[in-house]
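Construct the complete structure from the given sequences, taking the supplied hints into account.
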Amino acid sequence: MASTTHADWTLGSPAFQRMQRDWADLGDDLAAEDRVAAWAELHPELLGVSTPHGLADLFLALHRSEAWAQYDRAFGVLIRLVRGGGSDGELAWRIAAHILLPQMRKLAWRLKRNQFSYDEVLSTLLSSLFEVIGTYPLERRPAKVFTNIWMDTKKLAFRHLDAEYETQGELQRVRMPLHESESDDPAVVAAEDSYIQKVLTDLLIRATALELVGRDEPHLVHGDARADLVTLIVYAIDIGALTPREAKRVAEYYLRPASETGRFLAGDARTRQRASRATRPLRDPELIARYLASRDVNHLGLAV
Numbered sequence: 001m002a003s004t005t006h007a008d009w010t011l012g013s014p015a016f017q018r019m020q021r022d023w024a025d026l027g028d029d030l031a032a033e034d035r036v037a038a039w040a041e042l043h044p045e046l047l048g049v050s051t052p053h054g055l056a057d058l059f060l061a062l063h064r065s066e067a068w069a070q071y072d073r074a075f076g077v078l079i080r081l082v083r084g085g086g087s088d089g090e091l092a093w094r095i096a097a098h099i100l101l102p103q104m105r106k107l108a109w110r111l112k113r114n115q116f117s118y119d120e121v122l123s124t125l126l127s128s129l130f131e132v133i134g135t136y137p138l139e140r141r142p143a144k145v146f147t148n149i150w151m152d153t154k155k156l157a158f159r160h161l162d163a164e165y166e167t168q169g170e171l172q173r174v175r176m177p178l179h180e181s182e183s184d185d186p187a188v189v190a191a192e193d194s195y196i197q198k199v200l201t202d203l204l205i206r207a208t209a210l211e212l213v214g215r216d217e218p219h220l221v222h223g224d225a226r227a228d229l230v231t232l233i234v235y236a237i238d239i240g241a242l243t244p245r246e247a248k249r250v251a252e253y254y255l256r257p258a259s260e261t262g263r264f265l266a267g268d269a270r271t272r273q274r275a276s277r278a279t280r281p282l283r284d285p286e287l288i289a290r291y292l293a294s295r296d297v298n299h300l301g302l303a304v
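Residue numbers 1 to 304, in the numbering used here, belong to the letters of the sequence shown in order.
Keep in mind the hints are simulated off the structure, nothing from the lab. None of the values given here were measured: they were computed from a predicted structure. Each hint should be verified, as a subset may be incorrect.
Claimed, not checked - Estimated spans, in silico, between C-beta atoms of each pair: (1) Gly-85 - Asp-29: 10 to 20 Å; (2) Ala-143 - Ile-239: 30 to 40 Å; (3) Pro-244 - Pro-14: 40 to 50 Å; (4) Asp-22 - Ala-61: 17 to 27 Å; (5) Leu-210 - Gly-86: 46 to 56 Å; (6) Gly-86 - Thr-201: 32 to 42 Å.
Note that CB positions come from ideal geometry on N, CA and C, so glycine has one too.
Printed below as a string of structure tokens:
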């Protein structure tokens with residue numbers, strides 16, 4: 001029996017189909033074209049754009065060229081238009097939702113696999129996105145607008161889903177954003193490098209608070225074995241496979257700087273024994289299966 005793919009579910013989703021139809025209709029909407037052209041005359045950030053689809057193409061081009069400052073300024077224009085309300089606000093919202101649709105599709109698909117309805121999750125993400133854009137403090141947070149909007153949207157959507165389904169434990173496994181290498185959404189790929197680094201920074205802050213690493217710990221690097229191990233230890237704490245005390249024992253031994261690790265490997269049998277006992281839960285087949293099934297490993301490019 002053939003497996004069901006991401007595309008199968010999204011294309012069969014009434015919510016996704018409605019959004020696709022709405023976006024296609026905008027391509028034939030002369031009034032919408034006039035409004036976007038008027039925006040471009042008023043806002044130099046949108047210079048040269050004359051249609052809704054052309055505006056989406058502008059954001060895609062800015063992603064690909066990594067022109068983040070220009071991207072932030074252009075997205076800021078959309079945010080202000082949404083806040084202004086009226087027909088311009090509605091049109092700006094439809095364009096902003098389309099720009100973030102690839103991210104929402106991926107997250108809704110991932111949560112769907114955790115026993116949530118795809119359309120319910122997508123609708124929750126859309127309503128959360130609308131609320132976030134309407135309240136985003138653009139003057140206070142003018143940089144990394146795309147990343148901030150998406151992270152705030154995820155947080156708000158998770159709170160809504162937690163309250164509705166009372167499944168804090170289920171959602172905990174997918175709270176960390178994933179890097180899905182199979183994604184063919186160009187608008188997503190360009191944003192995820194900076195997004196992954198933000199995740200690594202948050203992970204390091206969490207590990208420091210748990211006293212797994214020292215406060216002078218250097219930045220975690222995507223693809224580095226040290227980042228992989230920190231991810232696994234924090235995940236094990238989150239699901240209760242390790243107590244914070246046990247996790248500290250593992251970290252004390254396996255997360256030491258290379259110069260110190262060599263000394264412990266050579267001569268401290270007692271430390272090795274304590275570390276070995278502490279890692280037993282990490283070797284449990286059920287934990288490993290849950291860890292891999294959660295696909296948190298993919299977000300940091302861990303080997304599966």
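Here is how each hint holds up against the structure:
Distance hint for Gly-85 and Asp-29: a CB-CB separation of about 19 Å, consistent with the stated range 10 to 20 Å. Between Ala-143 and Ile-239 the C-beta distance comes to about 34 Å, which sits within the given range of 30 to 40 Å. Remark: the range hint 40 to 50 Å for Pro-244 to Pro-14 is upheld by a beta-carbon distance near 45 Å. About 23 Å separates the C-beta atoms of Asp-22 and Ala-61, a value consistent with the hinted range of 17 to 27 Å.
Leu-210 and Gly-86 have their C-beta atoms about 49 Å apart, which keeps the hinted 46 to 56 Å range intact. Our hint of 32 to 42 Å for Gly-86 and Thr-201 holds, since their Cβ atoms are close to 39 Å apart.
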